[in-house]
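Engineer: For reference, the chains in residue letters:
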Amino acid sequence: MTDVLAKVGFLALAALNGAIIFTIMDVKGASWMQRRPGPLHVGLRGFIFPLAEILKFVQKEDIIPTEVDRPVFKWAPAYVMVSCVALFAVVPMSPTLVVADLELGVFFALAISSLGTIGVLTAGWSSANKYSLMGGLRAAGQLIAYELPLILAVVGVVIQAETMSLVGIVEKQIEWGVPFVVGGQIVGFLIFMVAATAEMMRVPFDMPIGESELTMGFMTEYSGIRFLIFYISEYMNMFILCAIASTLFLGGYHVPLLPTEWVNFYGPVVLLTKTAILGFILVAIRWSQPRFREDQLQNLAWKILIPASLVNILVTAIMKVGF
Amino acid sequence: MEIFEIVTYFVLLLLVSTALRVVTTSNVIHAAISLVFTLALTSVLFLLLSTEFVALVLVLVYIGAVIVLFLFGIMITRAPLGKNAELDNDKNKKLGAAIAGSIFFLFSYILVNGFDGQVVVTSGSSTELLGEILLSRFVFPFELVSFVLLAALIGGITLARKDEALIDEDQV
Chain A
138 MTDVLAKVGF
148 LALAALNGAI
158 IFTIMDVKGA
168 SWMQRRPGPL
178 HVGLRGFIFP
188 LAEILKFVQK
198 EDIIPTEVDR
208 PVFKWAPAYV
218 MVSCVALFAV
228 VPMSPTLVVA
238 DLELGVFFAL
248 AISSLGTIGV
258 LTAGWSSANK
268 YSLMGGLRAA
278 GQLIAYELPL
288 ILAVVGVVIQ
298 AETMSLVGIV
308 EKQIEWGVPF
318 VVGGQIVGFL
328 IFMVAATAEM
338 MRVPFDMPIG
348 ESELTMGFMT
358 EYSGIRFLIF
368 YISEYMNMFI
378 LCAIASTLFL
388 GGYHVPLLPT
398 EWVNFYGPVV
408 LLTKTAILGF
418 ILVAIRWSQP
428 RFREDQLQNL
438 AWKILIPASL
448 VNILVTAIMK
458 VGF
Chain B
674 MEIFEIVTYF
684 VLLLLVSTAL
694 RVVTTSNVIH
704 AAISLVFTLA
714 LTSVLFLLLS
724 TEFVALVLVL
734 VYIGAVIVLF
744 LFGIMITRAP
754 LGKNAELDND
764 KNKKLGAAIA
774 GSIFFLFSYI
784 LVNGFDGQVV
794 VTSGSSTELL
804 GEILLSRFVF
814 PFELVSFVLL
824 AALIGGITLA
834 RKDEALIDED
844 QV
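So the sequences go chain by chain: A and B.
Mapping of the first sequence onto our numbering: position 162 corresponds to residue 299, and the numbering continues sequentially without gaps.
Mapping of the second sequence onto our numbering: position 106 corresponds to residue 779, and the numbering continues sequentially without gaps.
By construction, these hints were calculated from the structure, which means they are not laboratory data.
Treat the hints loosely; a few may be bogus.
To be verified - No more than 20 Å apart at the CA atoms, straight line, and that leaves these computed lysine to any residue pairs for SDA-like: (1) Lys211(A) with Gly774(B); (2) Lys457(A) with Phe710(B); (3) Lys211(A) with Thr698(B).
Stated by the list, open to error - Every beta carbon over 12 Å from chain B, so not counted as near; a handful from chain A, in silico: (4) Leu142; (5) Ser168; (6) Met170; (7) Leu188; (8) Met230; (9) Leu258; (10) Leu270; (11) Glu308; (12) Leu395; (13) Leu409; (14) Arg423; (15) Pro427; (16) Leu437; (17) Ile443; (18) Gly459.
Please read all numbers here as calculations on a predicted model, not as lab measurements.
Positions of the beta carbon are idealized from the N, C-alpha and C atoms, including for glycine.
Next comes chain A alone, as it looks inside the complex (with noise of 0.2 Å):
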């Protein structure tokens, strides 16, 4: 008992630092590249920010508008920020460490993630406003066009690493001597990377929140800690999935020539430091980048990625039945 509680524990607060460091990257990142001097100067240059940032939104009032279904509109944070946490309970940052070794890590984690899909939708009803309602419904379209060519994308991998557990692909990338994507999977990477950043909800993808067309889209009405939910799980979801993306393509905890006995300690530093330059790509990308049109968006998942996956699956399996 006591070590599953540990285990939450270590999940908590493993999903709440990678949401922080996230947070940070992406507020410096913005300060770097568009001029924007507040958050290198403020609080011991911008590092304790997100604190502040985290008691402000405590402290605020949780504003429940009248009109809205209660229940609902209360409980779909918790959706979003539920599929995010038990994310990061596959990914191994070492062969030991590692929350859950699962013989199905990667079906588990495209299982979980597709649960946030509901959180998102059933906040934009419930929150009886109609920006909400096309927040939501934008937001749902996005994700199940998405959730294909992610899908897809790691079926790639599967078949060439031969299992689905996630330290056993890592294991595999380490036997090949290089990692999957110049082992042949760098079409799975490019499209995995592309839908992650779709189901992030991030810019160049980020027509359901949409500030200038919806408000806030499917969040807002929502105020203090339930925001807050919703703001962190976009910041966790992005660094797991950016985290997951390494595991899959990058070689995860190791990197070649380093010496394999000594993974233990160097692994967490190897997939921390992997994970953040895939996280300051996505953040150089969203502060220099317009915002797709509606249409351009279905027309990419539907007409490019999932027959570019789908050949990729093809030309994987050829491969490996042929070689």
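Please arrange chain B on chain A, whose structure you already have, making use of the hints.
Structural biologist: Below, chain B without anything else, positioned relative to chain A:
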């Protein structure tokens, strides 16, 4: 062993209560959310039976895709907040209860009679076993099912495209 049974019965009790809420609530979205919990608890049941694959398929396909499409469809068409009196179908309540009861007794009779105390999977990873059986012994029905899905897909497209063609003709 005992704690396992207690957990199982607790989950079953919750399952029945959420399933009842799906059919008794008079708000479509509440029904859909109750269905989410029903499916989640069913998935927990499969986990307790140590068939992780089936449990995760339930989450991925039914909660992650089917329910989301339900919610999507309901919201696009009409989804008033609060109670919806049209949903109370008092006339057919007795008929529904009779059908549900007979299905329950039929299924329990078949399950108890067919598998009484029998252990179906004895050794090995259930997922690997499932994959092997599906692609060897049951490969024909497996492929047949995919044809049914394909037919449903084509049917859906034909139904959806028909309206568009009519509109085009009207415009001409």
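Engineer: Indicate, hint by hint, whether the structure satisfies it.
Structural biologist: Going through the hints against the structure:
{"no.": "1", "hint": "Lys211(A) with Gly774(B)", "result": "violated (35 Å)"}
{"no.": "2", "hint": "Lys457(A) with Phe710(B)", "result": "violated (40 Å)"}
{"no.": "3", "hint": "Lys211(A) with Thr698(B)", "result": "holds (19 Å)"}
{"no.": "4", "hint": "Leu142", "result": "holds (17 Å)"}
{"no.": "5", "hint": "Ser168", "result": "holds (37 Å)"}
{"no.": "6", "hint": "Met170", "result": "holds (35 Å)"}
{"no.": "7", "hint": "Leu188", "result": "holds (34 Å)"}
{"no.": "8", "hint": "Met230", "result": "holds (23 Å)"}
{"no.": "9", "hint": "Leu258", "result": "violated (5 Å)"}
{"no.": "10", "hint": "Leu270", "result": "violated (7 Å)"}
{"no.": "11", "hint": "Glu308", "result": "holds (18 Å)"}
{"no.": "12", "hint": "Leu395", "result": "holds (32 Å)"}
{"no.": "13", "hint": "Leu409", "result": "holds (27 Å)"}
{"no.": "14", "hint": "Arg423", "result": "holds (26 Å)"}
{"no.": "15", "hint": "Pro427", "result": "holds (27 Å)"}
{"no.": "16", "hint": "Leu437", "result": "holds (19 Å)"}
{"no.": "17", "hint": "Ile443", "result": "holds (14 Å)"}
{"no.": "18", "hint": "Gly459", "result": "holds (19 Å)"}
Hint compliance for this structure: hints 1, 2, 9, 10 are not met, and every other hint is.
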